[in-house]
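Novice: If you want the building blocks of each chain, they are given just below.
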Amino acid sequence: MNETGSHNSTILQIDRLKKYFPIRRGFFQRITGWVRAVEDVSFTIEKGKTLGLVGESGCGKTTVAKLILKLLDADTGKILFNGLDITKLDEKEMKPLRKEIQIIFQDPYGSLNPRMTVGQSIAEGIKIAGFHKSSEQQQRLENLLKMVGMSPASSDRFPHEFSGGQRQRIGIARALSVEPALIICDEPVSALDVSIQAQIINLLKDLQQQLGLSYLFISHDLNVVGYICDMVAVMYRGHIMEYAPADQLFDHPIHPYTRLLLSAVPDSEHSTISEPDSKGNGPANTLTPHAGCSFQPRCPISEDRCKQSDINFVNAGENHLVRCWKTAKDGSHHFFLD
Amino acid sequence: MNTNKNILLSVQDLKVYFQSEDEIARAVDGISFDVRREETVCLVGESGCGKTVAALSIMGLVPIPPGEIAGGRILFRDINLLDFGDDEMQKIRGNQIAMIFQEPLTSLNPVFTIGDQIGEAINIHENIPEDEVIRRCQQLLKDVGIDSPAERLSDYPHQLSGGQRQRVMIAMALACDPDLIIADEPTTALDVTVQAQILRLMNTIQKRRSMSVLYITHDLGVVSKVADRVCVMYAGIIAEQGKREHIFSEPKHPYTQALLASLPSREKRGQRLYSIPGTVPHPAYKPRGCPFHPRCPHAIQTCCEQYPAMCEYGNGHQARCPVIFEDRPEKRA
Numbered sequence: 100m101n102e103t104g105s106h107n108s109t110i111l112q113i114d115r116l117k118k119y120f121p122i123r124r125g126f127f128q129r130i131t132g133w134v135r136a137v138e139d140v141s142f143t144i145e146k147g148k149t150l151g152l153v154g155e156s157g158c159g160k161t162t163v164a165k166l167i168l169k170l171l172d173a174d175t176g177k178i179l180f181n182g183l184d185i186t187k188l189d190e191k192e193m194k195p196l197r198k199e200i201q202i203i204f205q206d207p208y209g210s211l212n213p214r215m216t217v218g219q220s221i222a223e224g225i226k227i228a229g230f231h232k233s234s235e236q237q238q239r240l241e242n243l244l245k246m247v248g249m250s251p252a253s254s255d256r257f258p259h260e261f262s263g264g265q266r267q268r269i270g271i272a273r274a275l276s277v278e279p280a281l282i283i284c285d286e287p288v289s290a291l292d293v294s295i296q297a298q299i300i301n302l303l304k305d306l307q308q309q310l311g312l313s314y315l316f317i318s319h320d321l322n323v324v325g326y327i328c329d330m331v332a333v334m335y336r337g338h339i340m341e342y343a344p345a346d347q348l349f350d351h352p353i354h355p356y357t358r359l360l361l362s363a364v365p366d367s368e369h370s371t372i373s374e375p376d377s378k379g380n381g382p383a384n385t386l387t388p389h390a391g392c393s394f395q396p397r398c399p400i401s402e403d404r405c406k407q408s409d410i411n412f413v414n415a416g417e418n419h420l421v422r423c424w425k426t427a428k429d430g431s432h433h434f435f436l437d
Numbered sequence: 002m003n004t005n006k007n008i009l010l011s012v013q014d015l016k017v018y019f020q021s022e023d024e025i026a027r028a029v030d031g032i033s034f035d036v037r038r039e040e041t042v043c044l045v046g047e048s049g050c051g052k053t054v055a056a057l058s059i060m061g062l063v064p065i066p067p068g069e070i071a072g073g074r075i076l077f078r079d080i081n082l083l084d085f086g087d088d089e090m091q092k093i094r095g096n097q098i099a100m101i102f103q104e105p106l107t108s109l110n111p112v113f114t115i116g117d118q119i120g121e122a123i124n125i126h127e128n129i130p131e132d133e134v135i136r137r138c139q140q141l142l143k144d145v146g147i148d149s150p151a152e153r154l155s156d157y158p159h160q161l162s163g164g165q166r167q168r169v170m171i172a173m174a175l176a177c178d179p180d181l182i183i184a185d186e187p188t189t190a191l192d193v194t195v196q197a198q199i200l201r202l203m204n205t206i207q208k209r210r211s212m213s214v215l216y217i218t219h220d221l222g223v224v225s226k227v228a229d230r231v232c233v234m235y236a237g238i239i240a241e242q243g244k245r246e247h248i249f250s251e252p253k254h255p256y257t258q259a260l261l262a263s264l265p266s267r268e269k270r271g272q273r274l275y276s277i278p279g280t281v282p283h284p285a286y287k288p289r290g291c292p293f294h295p296r297c298p299h300a301i302q303t304c305c306e307q308y309p310a311m312c313e314y315g316n317g318h319q320a321r322c323p324v325i326f327e328d329r330p331e332k333r334a
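Protein sequences appear in the order of chains A and B.
Heads up, the first sequence is in this note's numbering, so the first residue is 100 and it goes up one at a time.
Heads up, the second sequence is in this note's numbering, so the first residue is 2 and it goes up one at a time.
Treat the hints as calculated values from the structure; they're not laboratory data.
Treat the hints with care, as some may be off.
Label pairs and their calculated CB-CB ranges [said to hold, decoys possible]: (1) A:Q219 with B:R329: 51 to 57 Å; (2) B:E104 with A:S250: 34 to 40 Å; (3) A:L171 with B:N124: 45 to 51 Å; (4) A:Y119 with B:E69: 51 to 57 Å; (5) A:M193 with B:R270: 50 to 56 Å; (6) B:P67 with A:P195: 41 to 47 Å; (7) B:D132 with A:L171: 48 to 54 Å; (8) B:E152 with A:G147: 51 to 57 Å; (9) A:S108 with B:D23: 54 to 60 Å.
Some residues of chain A that are not near chain B, with every Cβ distance over 12 Å (derived) [as the list claims (entries may be wrong)]: (10) E199; (11) P251; (12) D255; (13) Q265; (14) S408.
Not the full set, but computed from the structure, chain A residues with beta-carbon under 10 Å of chain B [as the list claims (entries may be wrong)]: (15) I130; (16) V134; (17) H259; (18) E260; (19) G263; (20) G264; (21) V288; (22) N322; (23) Y326; (24) F349; (25) D350; (26) H351; (27) V364.
Where a beta carbon is used, it is the ideal one built from N, C-alpha and C, also for glycine.
Starting from the given sequences, assemble the full structure and let the hints guide the process.
Specialist: Printed below as a string of C-alpha cells:
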C-alpha cells in the first residue's frame with residue numbers, strides 16, 4: 100500500500116464531494132432539473148476506526164457510498180484512499196484498488212446470487228485475492244466461513260437455505276474474501292431481528308479487532324451508531340451538518356438538526372413523546388434549490404441570514420465541526436486539506 | 002365484575018394454525034391477554050413470532066383455509082368475535098375495531114383519491130349525505146395534522162410523502178370513531194423524525210377520543226415510549242406480560258432479559274453485546290417443552306419436556322418460566 104498521504108493513520112479522506120443527478124423529461128430527454136444528492140461532503144476515516152454516517156432517507160448517504168466505491172463518478176471533490184485521489188483514476192487504474200474497499204448491503208438476500216452456492220459466491224473473491232491453487236482456495240474458504248461463524252459445510256448450500264442473519268454473515272465473508280482495508284456497511288443490521296442484530300454487530304466488532312478493518316457505517320439507527328462508531332457525521336440534504344467523536348456528538352449535540360434527530364430516537368435519555376414539532380412535516384426533498392442553509396426551512400432557530408448565504412464548517416471544539424453559525428464559538432474554519 | 006367492565010378486548014387461549022400439505026404451522030399457540038379501555042397494549046416480538054397473525058385474527062382477516070382458528074375466544078365487549086359470520090364482522094371492522102398497517106403505500110389504493118378512500122370507510126358504516134361525508138373527511142385530515150385538507154382530498158396516494166400517507170391511514174382508521182385501533186408496525190417504514198411525529202399524533206388522538214390501542218411492533222424502543230402494558234411474544238406464545246415498568250426494569254422471562262441485553266446503545270460502548278445464540282424456530286418445527294429452551298441460558302432438563310406454566314408475579318405481571326420463578330429471591334430467603 101502506498102502511504103503518500105499527509106496522515107499515515109488516515110485511510111480515507113473525503114473533501115468537498117459533490118454529485119448531482121440530471122432529471123430528464125420529454126421525447127428528447129432534455130435536462131429539466133437536478134437532484135442535488137451530494138452537495139458538500141467532507142470527512143475522514145482513521146485506520147481501524149468506524150465512522151458513522153447518519154441521516155434520514157434521501158439525504159444522500161448511499162450516494163456517498165457509491166461515490167467512494169466509484170460505482171458513480173463525483174462531479175467535483177476529492178476522495179483520497181491512503182493518500183491517493185481515486186476520483187481521477189480510470190477503470191483500469193482503479194481495478195487493483197477495488198479489492199481494498201468492499202461493501203456489505205442492507206438486504207443480504209438481494210445481494211447474493213440465488214443460483215450460486217455460498218462457496219461459489221465467496222470463491223470469486225478468493226481467486227481475485229490471489230489464491231490460485233484449488234487446495235489454497237478451499238482452505239481460505241473454510242477459514243472465511245469460520246471467521247464469520249458458519250460451518251464449512253454451508254459452502255455447498257444456496258442462499259435461500261439460510262436465515263437473514265446467516266445470509267448477512269455470508270455477505271460479510273464475501274466482502275472479506277478479497278482482504279479489504281475498508282468496508283462500507285450500508286444499513287447492515289436494519290433488516291435483522293433484535294436478537295440477530297446483536298450477533299452481527301458483535302461479529303463486525305470482532306473482525307475489526309482481528310483484521311484492523313476500517314468501517315464506514317451507514318445507518319439511520321442512532322442507538323446502533325452510538326454503540327459501534329468512533330466518529331459520527333450527520334448528513335442532511337447532501338451536506339454534513341455536524342461531525343464529531345461519537346461521545347461528543349451524543350453528549351453535546353450542537354446543530355439543531357442533530358438535536359432533532361436525537362430527540363426523535365426512541366429509548367434514549369433525550370427522548371420525550373411531547374417534543375414540539377419542528378417546522379414542516381418531514382425531510383425535505385433534494386429537488387428545490389435553496390440559498391443558505393439547507394436545514395433552514397425546518398430549523399426552529401433560523402433567522403434571516405440563514406436564508407441568504409451558504410455556511411461553512413465552524414469549529415466547535417476538538418475534532419468537532421458544525422455547519423451552523425448560530426452555534427459558532429469562533430470564526431469560520433476551512434475543512435481539512437488546508 | 003367491576004374489573005371486567007373495564008376490559009374492552011379479551012383474547013383467551015387463542016390458537017391459530019396454518020395447514021399446508023405436509024406440516025402444520027402453529028403460528029399462534031394459546032395466547033391470552035386483555036386490552037382495557039383507553040389503554041395501549043404492545044405485542045412485541047421478532048419476525049415469525051405470531052404477532053401479526055394474532056392481530057389479523059382479531060379483525061377476522063385470517064385466510065381460512067389455509068388458516069384455522071384451532072381454539073380459544075376473542076371477546077370484544079364480552080361478545081365472542083369468533084362466533085360472527087362475515088356480514089357481522091364487516092359491521093365491526095372499521096366501525097368499532099380499525100386497523101393501521103405497516104406499509105401505507107401498499108395499503109392505500111393507488112387509483113382512488115384520498116377523499117374517496119376515507120369517504121368509503123364512512124359510507125360503508127353510516128348513511129349520511131355526500132357533502133357531510135366530505136366535511137367529515139376534511140375534519141379527519143385536519144385532526145391528523147395534514148395542511149390544507151380540502152386540496153389534499155383530491156390527491157392520489159403517490160402525491161404524498163410516507164409520513165403523510167401514514168397520517169391518511171390513521172385518518173381512515175379514525176373515520177368511524179372506533180373504540181379499538183390495531184396498529185401493525187405503523188412506523189417501521191418511516192424515518193426516526195417522522196416516526197416521532199406519528200407516535201405523538203397517535204398519543205394525542207388516543208387521549209382525545211379515549212380509544213384503546215393494540216400496538217404491534219418489533220421495536221423495543223417504540224414500546225418503551227407508547228405502551229401501558231406489554232406482551233412479549235416468542236414462537237406463538239406470550240413469554241411474558243405486564244406493565245411497561247415491569248417488563249423494562251424487572252424482566253422475569255429469560256427471553257425478555259436477553260432481548261433487552263442485546264439492544265445496542267451508547268451506554269454499552271466497549272462492552273460486548275449479549276447475543277441470543279441460535280435462531281427463532283420455524284413455526285412448524287417448534288421444540289418440545291418450552292419453545293425457547295434451545296436458546297436459553299437457564300434451561301434445565303424439565304424445560305425440554307414440559308410446557309412451562311404461566312407464573313404470577315402480581316399486578317398483572319406474568320412470565321412463562323418456572324425456572325426463574327422458583328429461583329426468585331423471596332423463595333430463596
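Novice: All the hints need checking, so say for each whether the structure fits it.
Specialist: How the hints compare with the structure:
1. Checking the proposed 51 to 57 Å range against A:Q219 and B:R329 shows it holds: the Cβ atoms sit about 53 Å from each other.
2. B:E104 and A:S250 have their C-beta atoms about 36 Å apart, which keeps the hinted 34 to 40 Å range intact.
3. Distance hint check: the CB atoms of A:L171 and B:N124 are about 49 Å apart, consistent with the given range 45 to 51 Å.
4. A hinted range of 51 to 57 Å holds for the C-beta pair A:Y119 and B:E69, which are about 56 Å apart.
5. Distance hint for A:M193 and B:R270: a CB-CB separation of about 36 Å, inconsistent with the stated range 50 to 56 Å.
6. A hinted range of 41 to 47 Å for the beta carbons of B:P67 and A:P195 is inconsistent with their spacing of about 54 Å.
7. Between B:D132 and A:L171, the C-beta spacing of about 53 Å keeps the proposed range 48 to 54 Å intact.
8. Remark: the range hint 51 to 57 Å for B:E152 to A:G147 is upheld by a beta-carbon distance near 54 Å.
9. One distance hint, 54 to 60 Å for the beta-carbon pair A:S108 and B:D23, holds here, with the actual separation near 59 Å.
10. Even its closest Cβ contact with chain B, about 28 Å, leaves A:E199 beyond 12 Å, as expected for a residue assigned away from the interface.
11. Every Cβ of chain B is farther than 12 Å from the Cβ of A:P251; the closest lies at roughly 19 Å, confirming the non-interface assignment.
12. With a least CB separation of 20 Å from chain B, A:D255 remains clear of the 12 Å interface cut-off, as annotated.
13. For A:Q265, the condition that its CB be more than 12 Å from all CB atoms of chain B is violated, with the nearest at approximately 8 Å.
14. At roughly 26 Å, the least C-beta separation between A:S408 and chain B is larger than 12 Å, which holds for a residue marked as non-interface.
15. Annotation: interface hint on A:I130 violated; nearest CB of chain B at approximately 23 Å, more than 10 Å.
16. At about 16 Å, the closest approach between the beta carbon of A:V134 and any beta carbon in chain B exceeds 10 Å, and the interface hint on this residue is violated.
17. Contact between A:H259 and chain B, as hinted, is not supported at the beta carbon level, the nearest pair being about 14 Å apart and thus beyond 10 Å.
18. Given hint, A:E260 at the interface with chain B, is violated; its Cβ is 13 Å from that chain's nearest Cβ, farther than 10 Å.
19. Restraint check, A:G263 versus chain B: the minimum CB separation of about 8 Å is within 10 Å; hint holds.
20. For A:G264, the suggested interface contact is upheld, since its CB lies about 7 Å from the closest CB of chain B, less than 10 Å.
21. Interface restraint check for A:V288: the shortest CB-CB distance to chain B comes to about 9 Å, inside 10 Å, so the restraint holds.
22. About 5 Å separates the beta-carbon of A:N322 from the nearest beta-carbon of chain B, less than 10 Å, and the hint is met.
23. Checking A:Y326 against chain B: minimum C-beta separation of about 4 Å stays under 10 Å; hint holds.
24. Taking 10 Å as the C-beta contact cut-off toward chain B, the hint placing A:F349 at the interface holds, the least distance being around 5 Å.
25. Hint on A:D350 holds. Least Cβ distance to chain B is approximately 9 Å, under the 10 Å limit.
26. Checking A:H351 against chain B by beta carbon gives a least distance of about 13 Å; that is not within 10 Å, so the hint is violated.
27. Below 10 Å, beta-carbon pairs count as interface contacts, and A:V364 has one with chain B at about 6 Å; its hint therefore holds.
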